[in-house]
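From first to last, the protein sequence lines stand for chains S and G. Heads up, the first sequence is in our numbering, so the first residue is 1 and it goes up one at a time. Heads up, the second sequence is in our numbering, so the first residue is 1001 and it goes up one at a time.
Take the hints with a grain of salt, since some may be wrong.
[Said to hold, decoys possible] Lysine-lysine pairs mimicking DSS-like chemistry, simulated, CA-CA at most 30 Å apart:
hint	chain 1	residue 1	chain 2	residue 2
1	S	393	G	1323
2	S	294	G	1020
3	G	1244	S	16
4	S	16	G	1003
5	G	1046	S	297
6	S	6	G	1323
7	S	111	S	221
8	S	431	G	1215
9	S	155	G	1005
10	G	1046	S	364
11	S	436	G	1318
12	S	78	S	62
13	S	431	G	1276
14	G	1215	S	16
15	G	1318	S	393
16	G	1068	S	16
17	G	1215	S	294
18	G	1020	G	1318
19	S	294	S	364
20	S	3	S	30
21	S	6	G	1020
22	G	1003	S	294
23	G	1068	S	234
24	G	1276	S	294
25	S	194	S	62
26	G	1005	S	30
27	S	294	S	111
28	G	1003	S	234
29	S	232	G	1216
[As the list claims (entries may be wrong)] Here are a few chain S residues that sit away from chain G, every Cβ distance over 12 Å (derived from the structure):
hint	residue
30	7
31	21
32	208
33	224
34	303
35	354
Think of the hints as simulated: they come from the structure by calculation, not from any bench. Note that the Cβ used here is the ideal one computed from N, Cα and C, for glycine as well.
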Amino acid sequence: MLKTFKLGGVHPPENKFSAGKKIEQLPIPKTVTIPIGQHIGAPAQIIVKRGDEVKVGQVIAKAGGFVSANIHSSVSGKVKKLDETVDGSGYRRPSVVIDVEGDEWLDTIDKSDTFDKEIKLSAEEITKKVMENGIVGLGGATFPTHVKLSVPAGKNVSYLIINAVECEPYLTADHQLMLEKGDEIFLGTQLLMKALGVTEAIIGIENNKPDAISHLENLAKKYSGIKIQGLKVKYPQGGEKQLIKALINREVPSGGLPLDVGCVVQNVGTAFAVYEAVQKNKPLLERVVSVTGKSVKTPINLMVRIGTATSELVEAAGGLPEDSGKVVSGGPMMGKAMADLTTPIAKGSSGVLIFRNEEAGREKIHPCIRCANCVSVCPMGLEPYLLMTLTEKHDYDRVESERALDCIECGSCSYTCPSTRPLLDYIRLGKSTVSKIIRSRKQ
Amino acid sequence: MNKFKVSLSPHVHSGNSVNKVMYGVIIALLPALFVSVYYFGLGAIKVTLVAIAASVFFEYLFQRFMIKGESTIGDGSAILTGLLLAFNLPSSFPIWMIIVGSLVAIGIGKMSFGGLGNNPFNPALVGRVFLLISFPVDMTNWPKPQELVFSLVDADSGATPLALLKEKVGNGETVANALKDIPSYFDSFIGQVGGSLGEVSAAALIIGGIYMLMKKIISWHIPVSMIGSIAVLQAIFFLINPDKFADPAFHLLTGGILLGAIFMATDMVTSPMTPKGQIVFGVGIGLLTVFIRNFGAYPEGVSFAILIMNSLVPLINKSFTPKRFGEEVTNG
Ligand code: SF4
Ligand code: SF4
């Protein structure tokens, strides 16, 4: 039986143009610009300097703390310069620019494609490998994976949940990965289970990917403890809290973590990366990216080295369409618009989405007609119209008491508002102001 | 290198708009409009056109000279207010009074609060109640419906069933006696009963309601809770004293309860935001309506009941917040 979460949600058109397209290896570019600070948490510290020779897989920036991640060179060649670039998140960040020479890998890495199904390492060793190899959540949130695997004392994990929902319209990277790397994903899941010490894992997939569901269901027979659960299509089912609710009917409390209800959630792409990190000792240096959009000539799924400029991906998809008005890193609901195509691919880039001119603008803002659409679609049970008004009035005490910090920024409210009010823009502002107030209160 | 538009997510929109919402309601009103034209002829057309034209005109004036913003007449809300006002008037209503009613509806009911979205009261009802208090005779005398009489000369006119009931029971007659001349329930259902334009056919109103439910313009909570509470409370009164109180079916099919429940109480601007709040609102209207009808000075209580509950909406919204995610503790 298909499951889903109860509260709110929307059904934007899926537009999965790149579905079913085989993952193609994008040729290694001439230079890469590797942003440092591709993850949530402390930025990594750069340990190379201009002129250094680097190999594929070599650490170029060391994790700047526990909640941080190593960053590796995705190519071999010479460090051209240390720079600052605007990455997919829209912020300026330090970056390492490398001129590519050849494709020489560290010899500790197993480059081969052979499937290595024997788990040799202990739980601690798995977590260590994951940490060393710079694995972060690939669903977009880029939270360092080893942190999620280090369960604090007193917390009990009963389920590992693999997020294979890919609820964002347009994106197909995870879908294709499931079709092509099923065994690797299962093994990665087993590694994660071992690291967490759990015996049960659930892979949640929306039923707009029936081929992936049946493929994984077939494979699941070979792997004990892993269940595939089909889900009714509804955005934002890929939100951690919504997915947990849909799969095991537990609600993560306000301000809480999945751990509070005995779960750890990992993205399906992360499971694959964990497989490579542990079984092949391969750092996170490439990922699958969908390049798509209504005018894109050949929507495509690409395996891309981290640091590749967006323009290279766009070329591979048939070039930038004439009528392009906006380019987004990620999906249409939560992705970030980029200023130009020099933006490098980072660990969290799941897609390059090109909008036509006529799709790029926003409609005129009308007064709120109190239709309550925003309230009924909010998956967190908030009142977006109210949060916007309170933020406009600078009434931050009430912004806080009306639980703005619960907002997962899914965008369902803005998506549905007939008055095209920029609800989420204001709620973000309200949230960040409230966070600042809370921080200053603590001091 | 190209420069692109940069804005925050989400980057897509449902395509829903104020226009679509307003015209959706207008479309839902069309079946009832056709029925009223069928029975009341040119009079119905006249009242409707005048009310719409006057409402749009006043919306334009107020927006232009008072609020001084961009013209809002394109959003369809003024047309809707005019249409709803017309639905609350008898087809014989004098033109100048319609214009005054539109002025009150748009000017006082809506624009004085700052325009669409800011008005606490349903503008069409503000207009209607103003007219009811100012011109009670013209407001409660209705031409009897006749099929396809296209004449502006008044056809037979008479009091509405509710007014008849109020008057006769007030004079000491029994309900059965008072109502012996009124049309059967079936007639009321398809449209054979004296009343305002929009009260004439229950079936047409229900079709419109179903359309709005399907288009997700309204939800079931307000109409169902309102109608349900009227039925239950009136049934209790009826069982206690059938000579003094009419049965619930009579009440439900007369005097704008359906028009009120489906089109007036559901006005999104002036009704609560959450399902729970909407049920409280609907039940409140239902109970008030029954009390006003049975014990009040006016035969017809829906408009007053809705306006009273309109004023409580901010309070209801504060008290009935949505179910927040994370409140349901299910650790099993
Ligand atoms: S308020 Fe936040 S969580 Fe709710 S719909 Fe809007 S963006 Fe999503
Ligand atoms: S969806 Fe838009 S118009 Fe409707 S209540 Fe929310 S903010 Fe107001």
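Indices of hints not satisfied (ascending): 3, 5, 8, 9, 10, 16, 20, 23, 24, 27, 28, 30 and 35
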